[in-house]
Amino acid sequence: MFSMKCSNLIIWAVSLCTAQFSFAQFENILGGSVMGNIESTFQYYAPDSTINAQVPPSKTGLNSFANINYSIGKFRAGVRFESYLPALLGYPARFNGTGLGYRYAGYSNDFIEVTVGNFYDQFGSGMVFRAFEERQLGLDNAMDGIHLKIRPYKGIELTGLIGKQRYEFNSQLFNGPGTVRAVNLDVDFSTIFPKLLEKGWQFTVGGSFVSKFQTAQSPILILPENVAAYAARFKVVYKGFNFNAEGVLKENDPSDNNGYIYKNGYGILANFGYSQKGLGILVQAKAIDNMSFRSDRTAQLTDLQINFLPALTKTHTYNLAATLYPYATIPNGEVAFQGDIFYTFAKETLLGGKYGTKVSINFSTVYDVKRNIIERDSFLRGYTSTPFVLNPDSLFFRDFNIEISKKFSKNLSMKFIYFNQAFNASANIVAQSTGYIYTNIAVVDMTYKINKKHSIRAELQGLWTKQDQGDWATLVVEYTISPNWTIGIIDQWNYGNKTEEKRVHYLLATLSYIKGSTRLMLNVGKQRAGIFCVGGICRQVPASNGVTVSFTHSF
Amino acid sequence: MIRLSILFISLFFFIACDRVENPIPQNSGAYDISLYPGNYATDYNYPSFGTNSNTNLNVLLEYYTGHQCGNCPIAGTNAKNIESANNGRVIVVSEHAGAGGISQYQRIYDPGEPEYPKYSRNFTNEAGLAYATTITGIPGNPYGMINRKIFSGATTPWVSNSQWANRVNTVLQENNLRADLQMEVNYFPQTHALFVHVESEAKTNLSGNYNLFLYAVAKDVIDWQKDYTVFPNDVEFYEHHNVHLGNINGTWGQPVFEGTVTANTKVRKDYTYVIPEAFRGLNYAVVAFIADASTYEILQVIKVEP
Numbered sequence: 001m002f003s004m005k006c007s008n009l010i011i012w013a014v015s016l017c018t019a020q021f022s023f024a025q026f027e028n029i030l031g032g033s034v035m036g037n038i039e040s041t042f043q044y045y046a047p048d049s050t051i052n053a054q055v056p057p058s059k060t061g062l063n064s065f066a067n068i069n070y071s072i073g074k075f076r077a078g079v080r081f082e083s084y085l086p087a088l089l090g091y092p093a094r095f096n097g098t099g100l101g102y103r104y105a106g107y108s109n110d111f112i113e114v115t116v117g118n119f120y121d122q123f124g125s126g127m128v129f130r131a132f133e134e135r136q137l138g139l140d141n142a143m144d145g146i147h148l149k150i151r152p153y154k155g156i157e158l159t160g161l162i163g164k165q166r167y168e169f170n171s172q173l174f175n176g177p178g179t180v181r182a183v184n185l186d187v188d189f190s191t192i193f194p195k196l197l198e199k200g201w202q203f204t205v206g207g208s209f210v211s212k213f214q215t216a217q218s219p220i221l222i223l224p225e226n227v228a229a230y231a232a233r234f235k236v237v238y239k240g241f242n243f244n245a246e247g248v249l250k251e252n253d254p255s256d257n258n259g260y261i262y263k264n265g266y267g268i269l270a271n272f273g274y275s276q277k278g279l280g281i282l283v284q285a286k287a288i289d290n291m292s293f294r295s296d297r298t299a300q301l302t303d304l305q306i307n308f309l310p311a312l313t314k315t316h317t318y319n320l321a322a323t324l325y326p327y328a329t330i331p332n333g334e335v336a337f338q339g340d341i342f343y344t345f346a347k348e349t350l351l352g353g354k355y356g357t358k359v360s361i362n363f364s365t366v367y368d369v370k371r372n373i374i375e376r377d378s379f380l381r382g383y384t385s386t387p388f389v390l391n392p393d394s395l396f397f398r399d400f401n402i403e404i405s406k407k408f409s410k411n412l413s414m415k416f417i418y419f420n421q422a423f424n425a426s427a428n429i430v431a432q433s434t435g436y437i438y439t440n441i442a443v444v445d446m447t448y449k450i451n452k453k454h455s456i457r458a459e460l461q462g463l464w465t466k467q468d469q470g471d472w473a474t475l476v477v478e479y480t481i482s483p484n485w486t487i488g489i490i491d492q493w494n495y496g497n498k499t500e501e502k503r504v505h506y507l508l509a510t511l512s513y514i515k516g517s518t519r520l521m522l523n524v525g526k527q528r529a530g531i532f533c534v535g536g537i538c539r540q541v542p543a544s545n546g547v548t549v550s551f552t553h554s555f
Numbered sequence: 001m002i003r004l005s006i007l008f009i010s011l012f013f014f015i016a017c018d019r020v021e022n023p024i025p026q027n028s029g030a031y032d033i034s035l036y037p038g039n040y041a042t043d044y045n046y047p048s049f050g051t052n053s054n055t056n057l058n059v060l061l062e063y064y065t066g067h068q069c070g071n072c073p074i075a076g077t078n079a080k081n082i083e084s085a086n087n088g089r090v091i092v093v094s095e096h097a098g099a100g101g102i103s104q105y106q107r108i109y110d111p112g113e114p115e116y117p118k119y120s121r122n123f124t125n126e127a128g129l130a131y132a133t134t135i136t137g138i139p140g141n142p143y144g145m146i147n148r149k150i151f152s153g154a155t156t157p158w159v160s161n162s163q164w165a166n167r168v169n170t171v172l173q174e175n176n177l178r179a180d181l182q183m184e185v186n187y188f189p190q191t192h193a194l195f196v197h198v199e200s201e202a203k204t205n206l207s208g209n210y211n212l213f214l215y216a217v218a219k220d221v222i223d224w225q226k227d228y229t230v231f232p233n234d235v236e237f238y239e240h241h242n243v244h245l246g247n248i249n250g251t252w253g254q255p256v257f258e259g260t261v262t263a264n265t266k267v268r269k270d271y272t273y274v275i276p277e278a279f280r281g282l283n284y285a286v287v288a289f290i291a292d293a294s295t296y297e298i299l300q301v302i303k304v305e306p
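Those sequence lines, one after another, are chains A and B. Under the numbering used here, the residues of the first sequence are numbered 1 to 555, in order. Under the numbering used here, the residues of the second sequence are numbered 1 to 306, in order.
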């Protein structure tokens, strides 16, 4: 058993109960209202040489967040308390201590909306500007400055902002060195001209201008201190059809990411969709080149990103498909295509059966852009490229997957999923090997409702590959007693590893309790090293062994 | 309100961005970073110079010779002896030029001539020929200049071989250091390119116009040389010492101090130079000096090898 210090857990549990009690007292004060949530994750780490589990000197880690938002009339303000005591393994090491990580005050009416302090926002798809938090990734590029939104006429929205980006937390917020300035205009013609909407049309256009400023003192290069990016976008919807596209151009932005070349960057994203009852079709295309855009030219990984480059690959949830070889967007350049079809076979048909059958087919592929290297490159332009012209020998990722969901009876429903993937581990450095990794993955997911209160869910997953760590299998069993309790066990087994000692069972037991808006969860066991991704942004998670207690509550 | 909104947007466009056409700092001379065989921005070791604590004036002995000058090797040996006797304070450069620029001593044989391939390498360069014709009075080969100084009783800076040692000693003993130099040189054989970084510093208040000169030099070139001290006179494997290949920053250099300049003023310059095809695969050095633009007199000289 683990040699855990029980006092740590007791103190932590008591503090949570106290916090919950205290928050309840804040509701409806001074005539306004208080809303918020608290989330806390505590981990105790135990050594395990078989999985190379890491144990920090403190042996424990705690990430805690509490959002408290107050509003009265047109005024609003809020704070987020954060604690990293110390931060959980895998989080940026520069997150430490307890304090305010986010604070803002604002005022809004029909015409104007102003926020001072921290804020998040996104222009279009985010390729030109997106300030957001992805807590599970340890990513938070919240702006700190002023944000102004004006609605001069119905259907027209003008946004302007200036601020710095959050970079570090050491008992207080520390921003990066650069300043971001941006304006955005969105025009919704179907609001301005309601007759368009009556005829089934929606038409919106938008444009953005974003500029960053960072001082430069390089003896070797003249670095642009002000770097601009522009975006234009439109969206057309007609009945079941929709088409939207966005183009972004970024001016010369030499940085650590691009090897200090002065080439302009570009991004093009186009989505075409059609939907009707029982059928959905989505086709997407994306070309980006030299589009890493940060408020610090030396920043790395997920730090100080001004923009967000969406991945045109399906985000999977089953753990073998989601965390072993997930695709992360490569900002220096990629050409990607994706197609999705959803179809529901109606009830009482041959393939639909008594309850209907849902089928989802997805295909995505990503390549590097074709780069024409500039010889004798005196001006550091690096190379030239043409949008959507790809290098056919540079496959980054390919994913074909099909999911069939079928309800067999009132009590039994199942999902069958198959994935076929090719992953370029030299382009996305997440695996333990380089070169291409070809995988076949199959998942069977079954839910059986025993009675009104009791149900059991089981997943059986298999991943087969001749490369990297070889074959894997995962078994998940969850037993739910509604509405409060879920108990489960997860076993991930690397049974096909070429090294016999590495054929390890990663066994994890879970217990969760839900009451109202409160959720308590206990995990005990091993978690393998892997990659955790959200929307094409990934974080490496080290192997660990121990106990995890997490708590969430909304008020 | 719409006017206000337009004004709001316009303000941002004025902020715009800095479009950099040439990313190389403007203090550079002929500096072509494409000659660096790698990622210049991330990998090149761009030097910075600290305080220059030197207090010694050095001497440049420009030895005017020709590969068909049979009396020159004696002078060449003398020059090398003076250089080695002075602990690095004397720098010798062999300049293949003579009266009128190219004389009989610099003549090369072309294919088809009976003597070919003897003396077929062209040791002359544009700058050396210009000095031989512009700095008037060169009597012939071998002759030389000692910091291009016109010594007491002379009307030109040209000094005969027999007087070199005395003149050098005179300058060294005066040790009148009015300007100084620091330099770093990198050589990349893939592109045959020298990357030269020089910092010039006024050590006293200066007035007038002063130019920085940079010589690309091949340290040892083995080739034919006429030598009347040996028989036969045509020596196939003669060691030509510190051969001036050409100027990195133009025949007359580039201005470095102009008008009135106060002591401790520093000027940084960066250059690149591609070694001429006929002299590749050798060992190189760069000789840098600051000279008075009107009298040609040299204020300081240094030699740095990659």
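I should point out that these hints are in silico values taken from the structure, not numbers from a laboratory. Mixed in with the good hints there might be a few duds.
[Unchecked claim] Under 7 Å between C-beta atoms, here's a sample of chain A residues computed to sit facing chain B:
id : residue
1  : 207
2  : 211
3  : 221
4  : 226
5  : 227
6  : 379
7  : 381
[Claimed, not checked] Quick look at which bits of chain B chain A covers, simulated, 3 or more residues with Cβ under 8 Å:
id : region
8  : 38-51
9  : 73-79
Even for Gly, the Cβ is constructed at its ideal location relative to N, Cα and C.
Check: Checked against the structure, which of the hints given earlier come out wrong?
Finding: Those not satisfied are hints 1, 7, 9.
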